[in-house]
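Chemist: Which chain is which? The protein sequence lines are A and B, in order. Just so we're aligned, residue 1 is where the first sequence starts under my numbering, counting upward by one. Just so we're aligned, residue 1 is where the second sequence starts under my numbering, counting upward by one.
One should not assume that every hint holds.
[Stated by the list, open to error] Calculated cross-link-like contacts (lysine-lysine; reagent style DSS-like; alpha-carbon spacing at most 27 Å):
| no. | chain 1 | residue 1 | chain 2 | residue 2 |
| --- | --- | --- | --- | --- |
| 1 | A | Lys64 | B | Lys49 |
| 2 | B | Lys61 | A | Lys20 |
| 3 | B | Lys100 | A | Lys41 |
| 4 | A | Lys41 | A | Lys66 |
[Claimed, not checked] Covered stretches of chain B, going by a simulated chain A footprint (3 or more residues, C-beta under 8 Å):
| no. | segment |
| --- | --- |
| 5 | 42–50 |
| 6 | 103–112 |
Calculated from the structure, these hints are not laboratory results. Note that CB positions come from ideal geometry on N, CA and C, so glycine has one too.
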Amino acid sequence: GAVVSQHPSWVICKSGTSVKIECRSLDFQATTMFWYRQFPKQSLMLMATSNEGSKATYEQGVEKDKFLINHASLTLSTLTVTSAHPEDSSFYICSATGQGTDEQYFGPGTRLTVT
Amino acid sequence: AQSVTQPDIHITVSEGASLELRCNYSYGATPYLFWYVQSPGQGLQLLLKYFSGDTLVQGIKGFEAEFKRSQSSFNLRKPSVHWSDAAEYFCAVGAYNFNKFYFGSGTKLNVKP
Numbered sequence: 001g002a003v004v005s006q007h008p009s010w011v012i013c014k015s016g017t018s019v020k021i022e023c024r025s026l027d028f029q030a031t032t033m034f035w036y037r038q039f040p041k042q043s044l045m046l047m048a049t050s051n052e053g054s055k056a057t058y059e060q061g062v063e064k065d066k067f068l069i070n071h072a073s074l075t076l077s078t079l080t081v082t083s084a085h086p087e088d089s090s091f092y093i094c095s096a097t098g099q100g101t102d103e104q105y106f107g108p109g110t111r112l113t114v115t
Numbered sequence: 001a002q003s004v005t006q007p008d009i010h011i012t013v014s015e016g017a018s019l020e021l022r023c024n025y026s027y028g029a030t031p032y033l034f035w036y037v038q039s040p041g042q043g044l045q046l047l048l049k050y051f052s053g054d055t056l057v058q059g060i061k062g063f064e065a066e067f068k069r070s071q072s073s074f075n076l077r078k079p080s081v082h083w084s085d086a087a088e089y090f091c092a093v094g095a096y097n098f099n100k101f102y103f104g105s106g107t108k109l110n111v112k113p
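This is chain B alone, in the form it adopts within the complex:
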């Protein structure tokens, strides 16, 4: 069965500290993987995506993610967090033709000054 697991519901980091948000997936075909960010009252914004090729992908706002097939993981990282990064982050897996996305339950990031 297809599923996405984000084991951390809440994470708090200090501004300037590094960040890693975990994502594990279960998918029966070649996975297309995404990370989205949702700020209060706003829609989901795509941070980055992985289709194929280099397993380390760069996204917007200084985020990157690494696809590890052996671990079925697609963790999101940022070397130095800014207060404006406080939001909810969703990992998603989908099919090539985008006919269905499976979302994780989200990780809410708080940033301490």
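Bound-form chain A, shown alone:
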């Protein structure tokens, strides 16, 4: 099946710094990628949807200037958490759909801890 990878799998950063998370579709072209955030013992909350070559569409309440999403190619989307704060600590998951696929394929997630 289709594989989606994320890098890094976990990251610790200091408050005020920025961190970039990569999401790659390994064996298919991802026309659409999604970014989710998952708090402990809670469900996945969609943050934004990105289409290759277009600006991301953010969900209500998600700060687009804080969570920068770039979907520059059909196999790569990045999420940059700018000026991170401890409350940004969470599990970030990406997923992707593409031509010829009929479902969303999820990456393994990235654990972000802001100290």
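Given the coordinates of chain A, assemble chain B onto it according to the supplied hints.
Modeler: Only chain B this time, still in chain A's reference frame:
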């Protein structure tokens, strides 16, 4: 408003026993329904999905789910649980073009030996 409810936060069953995880949804259009499993440190894996047709769908790992429109439910079942089934299970509803998924809060399954 679109939403998914999984009323059971935790469920514990004995190995070999049957399992049913509940899922109710509220969706303004024709729902496309999914069940995913998440193991610690791993991504979500699709167990099964329902788009149309037969309301009883078969998935991987011996799971099945039944869509009941009148009850707005899509419950997941397995006749005999294995210890390796211990994980967190998420129900989700989405649109045809996958532009937005709504996830339930998840049910954590523990399996007793």
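Chemist: Between lysine 100(B) and lysine 41(A), does the CA-CA distance stay at or below 27 Å?
Modeler: holds (21 Å)
Chemist: For lysine 64(A) and lysine 49(B), compute the direct alpha-carbon distance and say whether it is at most 27 Å.
Modeler: Violated - the C-alpha atoms of lysine 49(B) and lysine 64(A) are around 32 Å apart, more than 27 Å.
Chemist: With a cut-off of 27 Å on the C-alpha distance, tell me whether lysine 41(A) and lysine 66(A) pass.
Modeler: holds (24 Å)
Chemist: Apply the coverage criterion to the segment 103–112 of chain B and chain A: a residue qualifies when its Cβ sits closer than 8 Å to a Cβ of the chain, and three qualifying residues are needed.
Modeler: holds (count 4)
Chemist: Verify this for me: three or more residues of the segment 42–50 of chain B with a beta carbon less than 8 Å from a beta carbon of chain A.
Modeler: holds (count 6)
Chemist: Need the status of pair lysine 61(B), lysine 20(A): alpha-carbon distance at most 27 Å?
Modeler: violated (35 Å)
Of the hints listed earlier, those the structure fails to meet are numbers 1, 2, in rising order.
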